[in-house]
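Using the hints, put the two standalone chains together into the complex.
As you go down the protein sequences, you meet chains B and S in turn.
To convert, take the position in the first sequence, counting from 1, and add 321; that gives this note's numbering.
To convert, take the position in the second sequence, counting from 1, and add 57; that gives this note's numbering.
Honestly, the hints are just simulated from the structure, not real lab data.
One or more hints might be untrue.
To give an idea of the interface, some chain S residues facing chain B are shown, with a C-beta separation under 8 Å as derived from the structure [unchecked claim]:
1. I61
2. I64
3. R68
4. R125
5. E134
6. L135
7. F136
8. S138
9. T139
10. P140
11. R143
12. T147
13. V148
14. R440
All residues carry an ideal CB built from backbone N, CA and C; glycine is no exception.
Spelled out, the chains give:
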Amino acid sequence: MRTVSAAETVPTTYPWAVHAEGLRVRAGRHVAVDGLDLALGTGVHGLLGPNGAGKTTLIRALATVLKPAGGRLTLLGESVDGRADLRRVRRGLGYLPQQFGFYPRFTVREFVEYMAWLKEMPKAAVPGAVQRAIDRVGLAAKAGSRMKTLSGGMLRRAGIAQAIVNDPAVLLLDEPTVGLDPEQRLDFRELLRDLGVDSCVLVSTHLVEDVVAACTDVVIINEGRLVHQGTPDDLVAQGGEGDAGDSPAERGYSALLRRHRAGAPR
Amino acid sequence: MNRILGIELRRSAAPGSALVLLVVGVLLLFFAEGIAFATGWMQLAMTQRLYLALLWPLALAAGAWQARREHRSNVTELFASTPRPRAQRTVPTLGAMAVAVVCAYLAMGVAGGLWIIGTAEYLPASVFVVTAVGALALIAAAWLGLAIGRLLPRLVTAPALAVAGLALLLLIPGATRPRGWLALVFSPIYEMNMPGAYSTVPGRASVAQAAWLAALAGGAVLLFASSGWRVRVAALLPVVAGAALAVAVMPHQSRFVTDAIDPVARELVCAADEPPVCVSRVHSGLLSEVIPPAREGLAILAKLPGAPTRVHEDTTTYVPEGYPPWHEDVVLLEIEAGPNGHLLDADTAVTDVVAGAFASPPGCEKSAGLAERLAAAYWLIGREPVAGEANDPEDIAKAVELWRSLRQLPDDEAKARVAALRRAAVTCSVGEELTSSGTR
Numbered sequence: 322m323r324t325v326s327a328a329e330t331v332p333t334t335y336p337w338a339v340h341a342e343g344l345r346v347r348a349g350r351h352v353a354v355d356g357l358d359l360a361l362g363t364g365v366h367g368l369l370g371p372n373g374a375g376k377t378t379l380i381r382a383l384a385t386v387l388k389p390a391g392g393r394l395t396l397l398g399e400s401v402d403g404r405a406d407l408r409r410v411r412r413g414l415g416y417l418p419q420q421f422g423f424y425p426r427f428t429v430r431e432f433v434e435y436m437a438w439l440k441e442m443p444k445a446a447v448p449g450a451v452q453r454a455i456d457r458v459g460l461a462a463k464a465g466s467r468m469k470t471l472s473g474g475m476l477r478r479a480g481i482a483q484a485i486v487n488d489p490a491v492l493l494l495d496e497p498t499v500g501l502d503p504e505q506r507l508d509f510r511e512l513l514r515d516l517g518v519d520s521c522v523l524v525s526t527h528l529v530e531d532v533v534a535a536c537t538d539v540v541i542i543n544e545g546r547l548v549h550q551g552t553p554d555d556l557v558a559q560g561g562e563g564d565a566g567d568s569p570a571e572r573g574y575s576a577l578l579r580r581h582r583a584g585a586p587r
Numbered sequence: 058m059n060r061i062l063g064i065e066l067r068r069s070a071a072p073g074s075a076l077v078l079l080v081v082g083v084l085l086l087f088f089a090e091g092i093a094f095a096t097g098w099m100q101l102a103m104t105q106r107l108y109l110a111l112l113w114p115l116a117l118a119a120g121a122w123q124a125r126r127e128h129r130s131n132v133t134e135l136f137a138s139t140p141r142p143r144a145q146r147t148v149p150t151l152g153a154m155a156v157a158v159v160c161a162y163l164a165m166g167v168a169g170g171l172w173i174i175g176t177a178e179y180l181p182a183s184v185f186v187v188t189a190v191g192a193l194a195l196i197a198a199a200w201l202g203l204a205i206g207r208l209l210p211r212l213v214t215a216p217a218l219a220v221a222g223l224a225l226l227l228l229i230p231g232a233t234r235p236r237g238w239l240a241l242v243f244s245p246i247y248e249m250n251m252p253g254a255y256s257t258v259p260g261r262a263s264v265a266q267a268a269w270l271a272a273l274a275g276g277a278v279l280l281f282a283s284s285g286w287r288v289r290v291a292a293l294l295p296v297v298a299g300a301a302l303a304v305a306v307m308p309h310q311s312r313f314v315t316d317a318i319d320p321v322a323r324e325l326v327c328a329a330d331e332p333p334v335c336v337s338r339v340h341s342g343l344l345s346e347v348i349p350p351a352r353e354g355l356a357i358l359a360k361l362p363g364a365p366t367r368v369h370e371d372t373t374t375y376v377p378e379g380y381p382p383w384h385e386d387v388v389l390l391e392i393e394a395g396p397n398g399h400l401l402d403a404d405t406a407v408t409d410v411v412a413g414a415f416a417s418p419p420g421c422e423k424s425a426g427l428a429e430r431l432a433a434a435y436w437l438i439g440r441e442p443v444a445g446e447a448n449d450p451e452d453i454a455k456a457v458e459l460w461r462s463l464r465q466l467p468d469d470e471a472k473a474r475v476a477a478l479r480r481a482a483v484t485c486s487v488g489e490e491l492t493s494s495g496t497r
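For reference, chain S alone in the conformation it holds in the complex (with noise of 0.2 Å):
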């Protein structure tokens, strides 16, 4: 059997669908919306899931593509006059075709994880599943593209279905509205899109996704290797079991994968020495690289009476919300890995630091607006406020209105505006603190 499954690796069309899949999938990984994937291992397992979104259609392609090959070939009535039945001549095709598309998403994983290994620490159990189920959808794919194939052996059957499967695809999120849980079930690409830096997949969604994955892989095999019609009406009941057991498991709530957070990854990991410095524990490999201008931004905030004393990453949620607690000695300190996988903006990380020291607990109304706290910042480090590819125009003239308004006053005056600015900020009841004295 190994030296068959190996004659049909390399002989069949498995070697040139894991050379397509691979190809595009790594292009999809790099080119499509930029590299998506920098932060970390999950946010790269749930990236290539997105990309199924491509490479499902494509497998299912391949699949039909190969199953055309006995019909185009005219060997039935050589095998038909052969003993072994015809379940067992299916299984090294079915086996080479997953070997290929399996390993052609893992390569393209290899070629994502080579981007991001210098930098991406933090590696959870759930990449693996994340990746299996992946994985799994393709085979599913592969292996339902060889039964249709069979049934249908015609040139237009392979690209037919890469346009189908593209469609059903794209489809299923409109089609289940507004059970989005539904969706989370048949399709292994929804809400994969955008993973944030403690983005997970709960485990019961892919207990849930595989479930159904299986089955579909299930009924595909028992349609491919049926030789009557009875097995192919049968092949519909692992399918039907399949799909009833993940609509059992998965969660009936929608976002359920978009509002998960992994709290292990957002945990913070801090530097040995003092000051502290903090990071969350998906960002762990960026630390060394947070911690010169984190450092530096502390030593410039140290001249402000009851400065901050550590910095910690910034490890807010929007979606869904959640805030770091408050300490009025943290200096929050937002971080994203750049494509390269490096610190994003390190060239202004001091400022973000210095900065961030005249932010506000969350909820506040009275808070320092972002001009006041470059102002109050670039004061302390000594230069004028620049641009940065973030910031608001308006906010950076503003800025400089302010900075050289501060520049003017005697040192001690704008020190004790700007210490005012920071007291201010960390009480939640900022008003005029850097144009006027009176607040002192």
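For reference, chain B alone in the conformation it holds in the complex (with noise of 0.2 Å):
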């Protein structure tokens, strides 16, 4: 029997998974985001920017924790504002913060279904959604594992089950491969071309290596704004011999920084 997840049950029709228009949204007193248009739809789409760029603001006001400030927000095709009713949205949404905090006595698999309940998933598809969630990550072995007995790599992938638990139509990621060695990165990365399948996958990290091998999209934002969007390739072609990094892909990413800041209002 076919289970339902959660995020089918959010509407289809919508053209944009993610759609902003001139976005604003503050931290605290500061303006992280400011005027950002962006367009996401199905597929993993890598967010890349230097630090204080306006990344996890950005993805924290996808996660509708913060309130946008001004401009025009639009997640599954429902408009997201002050007076919006956000619980249909959120059913369709998964996220693991760049802090990602946890319950240190749950097991995985409680915490996993603590969460899964937390989305309102329908109540007989939940130790399904679980399981699955649990397998997809590599986790199967330590789901009865209390969470604070985790280590660090472990901790982040039974944070990423808990935000893939209710297969979102949007998942966000912010900082997902920190603590994850090289052969847990690479299964990551495989984790993630699989979900870009059907969800929009917004993933947020430093490693420029990790959005090319991983990402149909790439997203470059600086000082709140959208510096670049394309596929990996485009990046790779925008670099050149002089640019700094290690990887053609580095160099592309160095370059249209370099070339935002050099254009960008004093």
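Encoded structure:
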């Protein structure tokens, strides 16, 4: 019998899973996202940018944790503003914050199940979805272990498991590869590619190589604004021999940032 | 929801809280002041309520400790991205803490109940009401702790709340004096100390307390589940409404519980066979222990002319003052359960029955002294008076002196003097019957 995921309960008639126009988001008093235009559909989108570029603030806004201060933000066809009922949108979201909080006494399975409950998943679908999410991140052997006993990499994988338990239509991962060893990173890239087949996945990272290897689309922001959006090949094509970086993709990234900074108003 | 409640019951502060409450509760029950609940189920229920003095602050602290979890675990952001409203998110936590404190309280009752189950037979419905109010008090405390702990998620909140809760319970009686009934409304422990054999908690007191505690719990839930200041202010409404209702329901009289007597507990229940031996219903479990010494005592007394033929429990109460009906053919016997639930002073029961035959009606000013009664009783029994725990050594010394003087007399003379004492006692005209032959 096929189980129904929460993601399937949200409408799929929207042209973009994520659509921002002139989006402004504050991080405290500071406007961290300032007039961002962005459209994301199905696929894996790598979000790159230097420290303080507004990546985490953007992801928090997309996760509906921060309210937009201006502009328009549409998630899964639903306009997100101060008056919106976000409950339906949130059922279709998966989110791994940069600082992943968890209940240390819970086991992995219990925590993922708890998150499935918070995501209002259909009761009958929960056990299967929990097991599937844990299997996908390779934590089946640790499903019964308490969260507090997990290593940093395992915790990150548990965080991804809770994010994907509801088969989200929009999956937001903020620095998901922190703490993963090289082998786990390779597995993670595989998982990302798999998730991106049906969902809109936005991965914030500093690791350009991960983006090139796993993403179908690259989004670069700086000072809260969109610098570049295109395929990994586009990114590679932007770099030249004189740009900083150990790989063509890193050189492309450096070149785009350099040009943006040069053209940005002082 | 059930699975999530199960997870919370296993992984939250609930199991630890239950364990602490249970251990502290059982220790208090058995070791704080000796075993004060051996008489019966109502005494157990009231003693449990008394020990809320410590359990209530502990539940408050447990709630505050649990409330820190979300703050400590840094899950606020993650949970904020999920669709389930905060009010619903709080339900498993509230449920787990409520289940924990109620289970601990009931288990404490079971521990006490196992101690008295062989001897306590009278189980009025009000026992369940008194226990339910106690459990409700703990739920309110745990939930209030959750609410305050959420508002003030500091390490110091839980211990500070425990101290504040204890201080509150201890200060309420003084703060509400001379309106003792106000203390009864707001303190679940007030007037629960040293319950007598026929004590009870009137239904109106329980209803008023339940109204207050339910309102307090309701306000705490609103506060805990709130996500804005409006709801937090609105949380005061049920508390104020509950307090007003409780004040209206509670009779405005002092010592409302202390002076309450359960008439059914005080009713006599009697042995089926002759001679009649009756005890109060609350002591019905002790009847089989009372019958042998009572009948032995009656047999000894049968030597006297007009000897009593029945033994009834002395159901006199001093607060409020109340006496059993007076009959010349009845010996009134004070019955008390010992710490083990069985008849206290069973070894002196025969003497007590025989000496009881020389008691006078209530209000009599010319009654026989203890020494005279003991001397007469021991003469009938045929051995020298011995000191009992409750007896004044001077009374014993005088009883021995009188007993010896009786022994030196011819049997007929001694018996006549003892019979005269009995007649004088029941007619409230005691003089020098044991030491003088001229009064017969």
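How the hints compare with the structure:
1. I61: 5 Å, holds
2. I64: For I64(S), the interface hint holds, since the closest Cβ of chain B sits about 5 Å away, which is under 8 Å.
3. R68: Result: holds, 4 Å to nearest chain B Cβ.
4. R125: Check failed: Cβ of R125(S) comes no nearer than 12 Å to chain B, outside 8 Å.
5. E134: 5 Å, holds
6. L135: Where the cut-off is 8 Å and the nearest Cβ of chain B is about 5 Å from L135(S), the hint holds.
7. F136: 6 Å, holds
8. S138: The hint holds - S138(S) has a Cβ within 8 Å of chain B, the shortest such distance being about 4 Å.
9. T139: Hint holds; T139(S) Cβ to chain B Cβ min 4 Å, cut 8 Å.
10. P140: Holds, because the Cβ-Cβ distance from P140(S) to chain B comes to roughly 4 Å (cut-off 8 Å).
11. R143: 10 Å, violated
12. T147: 12 Å, violated
13. V148: 11 Å, violated
14. R440: 68 Å, violated
Hint compliance for this structure: hints 4, 11, 12, 13, 14 are broken, all remaining hints hold.
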